[in-house]
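Student: What follows is the residue order along each chain.
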Amino acid sequence: MTGTGTPRPAAETGPAAPETTAEEPTAQETTALQTAARLTARDLTLSYEERTVVEGLDVDVPDGAVTVVVGPNACGKSTLLRALGRLLRPRHGTVLLDGTDLAKIPTRKIAQSLGLLPQTPVAPEAITVADLVARGRQPHQRWWQQWSTQDERAVSEAMARTDVAALADRAVDELSGGQRQRVWIAMALAQETDLLLLDEPTTYLDIAHQVEVLDLVRQLNHERGRTVVAVLHDLNQAARYADHLVAMKAGRIVAQGHPGQVVTADLVREVFGLDAVVVPDPVTGSPLVVPGRPWEREPRQ
Amino acid sequence: MTAPGISPAARPGAVRPAGYALVRAGRGSFLLHRRATVVAAVLAVLLAVVSVAYLCAGESWVAPSEVLKVLTGRPSAQELVVGTLRLPRMVVGLLVGTAFGVAGGLIQTVARNPLASPDIIGVTQGAGAVTVGAMTFGVTSFAVLPYVSVAGGVLAAVLVYVFAWRGGLHATRFVLIGIGFAVALRSVTQLFLTKGDYLVAQQAQVWMTGSLNGRGWAEAAPLGWALLVLLPAVLWAARAQRTVSLDDDTATALGIRLGRTRLGLVAVGVVLASMATGAAGPVDFVALLAPQIARRLTRTAQIPLLSSALLGAVIVVLGDLLARKLLAPTELPVGVLTAAVGAPYLIWLIVRGHRARGRATGGNA
Chain A
1 MTGTGTPRPA
11 AETGPAAPET
21 TAEEPTAQET
31 TALQTAARLT
41 ARDLTLSYEE
51 RTVVEGLDVD
61 VPDGAVTVVV
71 GPNACGKSTL
81 LRALGRLLRP
91 RHGTVLLDGT
101 DLAKIPTRKI
111 AQSLGLLPQT
121 PVAPEAITVA
131 DLVARGRQPH
141 QRWWQQWSTQ
151 DERAVSEAMA
161 RTDVAALADR
171 AVDELSGGQR
181 QRVWIAMALA
191 QETDLLLLDE
201 PTTYLDIAHQ
211 VEVLDLVRQL
221 NHERGRTVVA
231 VLHDLNQAAR
241 YADHLVAMKA
251 GRIVAQGHPG
261 QVVTADLVRE
271 VFGLDAVVVP
281 DPVTGSPLVV
291 PGRPWEREPR
301 Q
Chain B
1 MTAPGISPAA
11 RPGAVRPAGY
21 ALVRAGRGSF
31 LLHRRATVVA
41 AVLAVLLAVV
51 SVAYLCAGES
61 WVAPSEVLKV
71 LTGRPSAQEL
81 VVGTLRLPRM
91 VVGLLVGTAF
101 GVAGGLIQTV
111 ARNPLASPDI
121 IGVTQGAGAV
131 TVGAMTFGVT
141 SFAVLPYVSV
151 AGGVLAAVLV
161 YVFAWRGGLH
171 ATRFVLIGIG
181 FAVALRSVTQ
191 LFLTKGDYLV
201 AQQAQVWMTG
211 SLNGRGWAEA
221 APLGWALLVL
231 LPAVLWAARA
241 QRTVSLDDDT
251 ATALGIRLGR
261 TRLGLVAVGV
271 VLASMATGAA
281 GPVDFVALLA
291 PQIARRLTRT
301 AQIPLLSSAL
311 LGAVIVVLGD
321 LLARKLLAPT
331 ELPVGVLTAA
341 VGAPYLIWLI
351 VRGHRARGRA
361 TGGNA
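Note that the protein sequences, when read in sequence, are chains A and B. Sequence positions in the first sequence follow this note's numbering and run 1 to 301. Sequence positions in the second sequence follow this note's numbering and run 1 to 365.
Derived from the structure by calculation, the hints contain no laboratory data. Beta carbons are placed, not taken as given, at the ideal position from N, Cα and C, and that holds for glycine. Some hints here could point you the wrong way.
[To be verified] Here chain A is said to cover these stretches of chain B; the calculated rule only asks that three of the stretch's residues, wherever they fall, bring their Cβ under 8 Å from a Cβ of chain A: (1) 21-32; (2) 251-265; (3) 295-304.
Same shape as in the complex, but just chain B (with noise of 0.2 Å):
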């Protein structure tokens, strides 16, 4: 006790942060979170397994190598059902789920809060207001709602982000007021149905509980090319994270422009989460549930993207798979689905309470 840390410099290479893996290639030198690297990987693994089953399973029974023969180009009697009918909706939900996946991950790391995921703070709800708006307005054309739904979002994010603002970005304020704007978003959304044409008000209502039936190559591709075109910010993103999801001064002493870094993050997040509402409605919870899950298989200290998106994935084509085979011939909309799951999810998380945890020293900062 008199003397601490009089002892001499380690052993070089003898502390590396534990668990983590060392990859260099060429100049460039990565960590690799093992647990992590296991984790997305058996994730992957039980993607490929359930997108497989997700194509076998429908009306009729489509054997699985026939599948596989349809994924590698090889001509298939199946071609119709598994590579035209099935195929399309189930790529839409990959993309859904990965883009609710990261979302939500980024979101949930800027505020540092389990609660403050897109489809809770308002910005599905946005998404959806401003996208059943058009509808009813005679907008139907899939080339547009898609960026109809990020205007939506954004705008949505805007709001809640101008509103939580009072010098500074407290994470119960952002979450509340994202919470307050949920609702009123929703009643938005109620009213353009009453208003709207009877039978775009029936469309709008199957899009709103978040649907993937009748969808498509239409919605998959503008999603399939954000996912790509952001690919890049969510990879600094990952690496923004590790000093983000410390607190803010300890982030700021550590060199990260700290504003910027944040709102860079919640835009990738809001962004996504539009799409993805653009595609497929808001399928609800995902995007709070995949990247809690995720953090909790790993055992990272931040959220990790990657699992979180392929967690997503799984979540919506496996959700989507039950909602068409429980009830079968009826279907389910696979928000349905997800919401069943995720409310649950949601009130033990509240009843829990979300207590900001101060440091166990005292905390009365």
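For reference, chain A alone in the conformation it holds in the complex (with noise of 0.2 Å):
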């Protein structure tokens, strides 16, 4: 069962799950894990002005997995995220890029490996769609080499994976929060990085764009073996899509691994102190995460 270490009676879990679809994680995506990490965290702590919001925190991201940050709102996930991307410059730590530590790579260099689509892009007013996704490749261009034809296949090939070719020439405005979304993310794989940082790439998206969001992340992850680290809201979807998780509470990890072994009833009353059911996906078998009864008049029995 996946919801290994969940003390608590099966007899709460309600309506039972089928277990058929149950899977284990089978013993080489565990062992795959263990493997290199090219981006790594050591003593890291953030804080914006004087508010400390992450505290001495070591994380290393497995290569070619995905990883999923997970956590209560303000347990600085998304902190976390900046700063492996250095966008936030660590008050104390450092976060490093293949053992060298960021704040000494040139920006432009880290932007030709590492791609990060942060919480809420702005476009500039009127841009189309084809100008946006050409702009991820800014840190491959210089300013006599505007365009090449790695640069025209690394678009197309973007914008094809992400179905937004049709779209080229439209203006971002006019789009749709899904369409637009796919956008920004085609803008982020033009830039062609083996590490891509995503943050929250699914708030705003209704539940079936929020699916193709995702899977397309673990598609990219498989077929390209690209590394991505994704801050996710949905604990279910985190389990779901996640290689490897990282649970966060108040600037600190409390808990990774594979989803399975990670996500327990106590994991879930520690972290968002929610009393919850875990329950095998009835699709996938990973961690489905049931929060208990909604508030009654008078309880049951």
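With the hints as a guide, dock the two chains, each given alone in a separate frame, to form the complex.
Tutor: Encoded structure:
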């Protein structure tokens, strides 16, 4: 069973989930994650002005895997992602890319191997989709080399993958939220980096578009071996899509590992302060968090 | 919906940024925005027409053929009127407009706000205050005044930058503090005017409205040199704009040293605006208007610097032509005319409300 380490009585589980679809993480999957990590953080303390958000944190981002960071609001997960992407300078400690302190690598060089999609990117007024996606090529271009066949290929590919090629000439302003998010992802893909950091890429999207974006992330990871770190709000989606799950609370990592081992009722209570039942997801077998009964006037027995 | 983005890589060559043409030269490759190129070409022709008209018109009418003779260096009876009297003044107007057009474009790009132009946020006022101050203290040499203006403009810009800085540059705070400084610096100018000698004060008063009257090669030369020397920086800026016009996080993620890049863009803008102010006084609203009109014409995602420069030149040269002719023989300072056009636009900008556009998907960040 995936809900390892769940001592809670199964009687509480309510309607039993079909166990047949449950799937253990294979041995290879778990060991594969123990390989090298190009992106690591050591003794990281992050703060905004006087307010310390993350303190003394160590983390390794496993290569070639999808790492998802979860945690309650204001736990420092987005802050951590910003620091990993050198958008926030650590107050203390270092973020290392291939063993070198990010602060010591020229930002352009970083941009060639590490891409980042912020939570709420803002497009200039009236910019077209193709123009925006093409700007993802910036770190690979020079003043006198503004467009190469490489750029052409990367942009076409990114747009095809995210299914926005048909929108190429449209203004980004006019698009729906889901389309726009795919355009931004296309821009990050056009950057063609081995590492991709995504800050809540599914926010503001309806469930179908959320699934679409997450499937795309997974596909990129599987087909291209890209290392992805995403901050997600939805614990169930995190458990579904992550190879490596990092649960944060109050600026610290509470647990990390394969979702099947990490996501337990105890963890949900500890991290989110929520009483919940963890059952196997009927489709994937990954842990599915079902919160306790909704409020009722007279508690039933 | 279930299998997104499975489509194989698109056929190569299918997607080039919409509306761009690719120009190759040796190992170089440049992206030219098609519409912006056409707009710039049209504006260049318009500028040429306006310039010739400027040289034709005046107290006496000179035929365009005579003007062209003078311009191409062939002997002409109108050499004195066109070549000596009108041409230098026109060149000053042309350079001033160019400088303001570029300066406005750069500073508006950095602040991501159409209100943030050097004549609104205190740069030209700083240049003005220090220049008038120098004048009242007896500095009238044209060899010195342009640099005095630059010192004033840079000083004002640094003050605004420092006061607006709070762990980052916030556009709205930058503009508001700039407007505050602009008002304060105007008062300082008035103070100098009341303290100074009557004649100097009168001269300074005319200068303060922005006038090309009596301007010639002495003013044109330093400004021309400044534009020439800063040309590489402006070319760099035109490229940097592509990334700086995105939000801070995205720009940084794309490998731009945002702080330095912005500082560089602002510095070039401030120097150009101050030099232009030194040459002709604060010709109001040119730096505010030219970039925004140019952008609406080219429909580019960022302010087109070349078109903005050309449009600035057209506005000042045409403005001065009208200022000379409208109430002839009375001559208006060109600054009065640009203000008459610019002020309503400014009011419109403010009334419309320049809300920072969040992403339509939310924007509650």
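Student: Of the numbered hints stated earlier in the document, which are not met by this structure?
Tutor: none
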